[in-house]
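Which chain is which? The protein sequence lines are E and V, in order. The numbering of the first sequence is our numbering, which starts it at 4 and goes up by one. The numbering of the second sequence is our numbering, which starts it at 1479 and goes up by one.
Don't read these hints as lab results, they were simulated from the structure. Note that the Cβ used here is the ideal one computed from N, Cα and C, for glycine as well. Check before you lean on any hint, since a few could be wrong.
Chain E side only, calculated, beta carbon under 7 angstroms to chain V, not exhaustive [to be verified]: (1) L55; (2) S91; (3) A93.
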Amino acid sequence: MPDLTLTGLAKSFGANTVLHDLDLHVEDGELFTLLGPSGCGKSTTLWSIAGLHSPDSGRIAFGDRVVFDGARVDVPPEKRNCGVVFQSYAVWPHLTVLDNVAYPLKLRKVPRRDRARRVEEVLELVELGGLEDRYPHELSGGQQQRVALARALAHPPDLLLLDEPFSNLDAKLRERARDWLRILQQRIGVTTVFVTHDQDEALSMSDRIMVMDGGRVRQVGSPEEIYHEPADEFVADFIGTVNVLGAHVPAGADRSQVWVEGLGQPLAVSPAAPAEGDVRLAIRPERIVVHPSGAPAATPNAVTVKVRSQAFLGDHYRYVVALGDHELVVRTLSRIDHGTELTVELPPEAIRTYAAQA
Amino acid sequence: MSVVAHRSDFRLRGSLQQAMLWPRMMPGLVCGMAFFWAFVLLDPTDTLRGSLWGLGLAFAVRNLAIGYSAFYPALAAIGRDLDLAARTSGAGWWRSMISISLRLSIPAMATCFVLLFVSMLNDADPAVFLVTDETPVMGLTMLQLAATSTGGAVAAFGVIQMLLTVAVLAIGRLFLGKRIHA
Ligand SMILES: Nc1ncnc2c1ncn2[C@@H]1O[C@H](COP(=O)(O)OP(=O)(O)OP(=O)(O)O)[C@@H](O)[C@H]1O
Ligand SMILES: [Mg+2]
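Pulled out of the complex, with its shape left as it was, chain V reads as follows (with noise of 0.2 angstroms):
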């Protein structure tokens, strides 16, 4: 989901590539109230607020270091030459970043994103200001009960975790089996 928010972003270097390590460096709690403030300042309608998408986006934000992370070095690793061998076969920026850079950084990415599902599904803190009682946060909901003693329910919760992240890791699993020649 926000995650194709995130893909047209990666390319653009310079200072983003700051910009995309703040997030990860404030404290999440801090972050969530940027996120807040941000969203009533700018949709006084809340209904971003209220969403999952709005969710989405502040986890999608706060990750972006992480998945930058994993994601910059397989990027590095294809050489700029094949690019510009794009560029000079007559393919303009995005056309030779489409049909090269990216489609050579699939393997990597899928890496990237299951790195990042595992990461947003443990993250609670930014949710803290965010969330509203249709769209709870799993990590945050473990909190909360996890603060009111009902033990039963945590562990329920940890395993419903648990699973979701073997299912993705097995989603991803495939992905990468199926590995392009390189």
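Next up, chain E with everything else stripped away, as it sits in the complex (with noise of 0.2 angstroms):
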């Protein structure tokens, strides 16, 4: 299986561009998902490797092998070798289960119990087993999706490109489809690029993810790192929830101390705020630790506030303080005996300072 790269890739659509000059890299293997809000240029980056339309500039290899260089080189989709499952699946009505999975090795000139014997083998490994002969129509929109799936493996496919697979599915099935997708790409071994806009799904699936907004990479990394370690506060505020507080840093003064807005008494960072003047502050509410009975006296961060609201929330409670001017959400898992006042403290290594945009 070859690795991905992308090179300097831009494509507008009119005077609206999509692509920034994107570069990527996806290893052997690997499953990269690209993330980001709807518009960001996701399918278009998707489309622009599976070759269905072509950047204006940049480089596309898979491996050493160039499919798409500027204006010299485009090779056409058909040519590719990649397996693409659309978001509308896009399994042809007109033919069974067996038929469609069969059409990219007729095209091939497969012998013919070759390639029954291939259509039994892809029908197997996406548990479709014993349905060769039902039409579309007659699948669930899961099954169908499998069908597509096979589809695109059929002929063992270079790279599997896949544009948010699951998003015609109910939550508990995509939950499943998730882990069996997962499972069945690391058996096969085969480089993916996924698409989708759920951060669930990207945190859960990835070996690496790369988070998009309005055609510019922000920033690239395993779910752990894209999680803990944002890279800033698009990427904070995009994967999962977070408490963004305004807060300043003194001209000449310590950087690991903040102030934030309304609070009296600054707050240590680690590592230490990138500038001075406005910066900006992100938690998130599951780092926030509440001392029901008061803080032990050298806890750093230690700040008794008030209890806005709280919330039952299933596996957890939820509780909105007020830190200072802001608001600020808390999340524990059980809930707590409290006054109106509490004291939570915010581990300095939880925090992650930004500069502030202007």
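Two independent chains are provided; combine them into the complex using the hints.
What follows is the structure, encoded as structure tokens:
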């Protein structure tokens, strides 16, 4: 299986620039996720890789094979050997499951006997054995999605490209499909690019994630890196829930101490703030520690706060407290018996600071 | 017959879309004249102008617009993803058109042919310049007969026309009855 390299990929539709100079590298056998809000250019990137439209400039290579290079090379989609699963599945309604899956093999003139064996093999792989003669309208959404996947895998592809393959499934099925696809992908070891706008999906399945916004790369990293060390406020905010507070570092002062608006004491942060002046401070609700009966004396960043509201959400409790001029969401696993006040601790290493955007 | 010529044109898009609508925008007579001159200039031996094929061609072009408007929505309803999936599976453009898009639009095509046939049957004006003794066009003949007031013959033609229409519609029904799984 080859790796995949995009270099300086750019694409505009008219005046609308969708991809700005995109670079990315997907390792051999990796499951690489493109994550970002709607319209950020995920599908455009995927379609460029598949050859379904031509970028304006840049270079795309599968291993050593250059499939796109500016105006010089543009290999048509049928010669790129990518297995693609579309958001709509695009299972052909006039063909049976068997014929759908056999189509790529027929085109490549695979002899009848080998073809039958391969179709059986992939249908087994996606757990659709026994449904060969059904037509797509006789299948459930989840089954159609697996037919699409079987078709993409039938003639072993160099790259597997998945464009939001689970978006038409209900929540339960989606979770099952995730685990299932991840295991399958690891078993066959195919280099995979996966597009989604669902952060849970991205976090739970990927080897690495690229967070995109407005056609630009915000961060590339493992799910843990993306979650715990977001590169900027956008990434922090996009992945999971986060408290973002306005804060200030006085000129010439120690940058590991920041002042939250309206709070009478500084908070220690680690690592230190990137700049003086206005900064933004981000902390995940579950990283905040609650001390119902007061914090031990030497606890850094222990603050006594007023509780504004509380809610029970099944697997956790959610408290909204006032921290200076801001509201802070705190998450705990068990219920806290409290009066109107509560002591919370914001561990310095759980706080990320970003320069405030102009 | 002329219908085959039709089909191949359909997917070439873009300016063709407009070009297909022109013949319908022109009055039929002007259209017929255009064909008359085209045939005279391009085909000095006159074999095309005098033959049924010439007539067929003129009608085909003239009715392209109707066929197009009947057919296009059906084609549009077949998701682009279905073609693209064929492309990424390894099919070239033609192959994916034939095995996916056209194959899926057979019912629409059948409807379209029926519609075309009915409209051609009643269409006289482009033929005024193209008819010869051996290849009369029903609509035109009716008009001539009516003008020379042989009422009985006009009525007879009317009945024939109706029967033909019914027959074609019935054939169309057969086609449409055999719906594919959608
Ligand atoms: N064929 C096209 N013509 C013009 N603009 C397009 C075309 N395809 C996409 N765009 C524009 O490009 C931008 C990115 O589209 P893209 O489909 O890549 O987004 P996406 O990240 O996949 O979003 P989603 O999560 O909604 O699928 C959008 O602003 C869209 O309007
Ligand atoms: Mg998309």
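Results of checking the hints against the structure:
The restraint placing L55 of chain E at the interface with chain V holds, with a minimum CB-CB distance near 6 angstroms, inside the 7 angstroms limit. Annotation: S91 of chain E was flagged as interfacial toward chain V, and the flag holds, the nearest CB pair being 5 angstroms apart, inside 7 angstroms. Interface restraint check: A93 of chain E against chain V, minimum CB-CB distance 4 angstroms, threshold 7 angstroms, status holds.
Against the hints set out earlier in the document, no violation occurs for any number.
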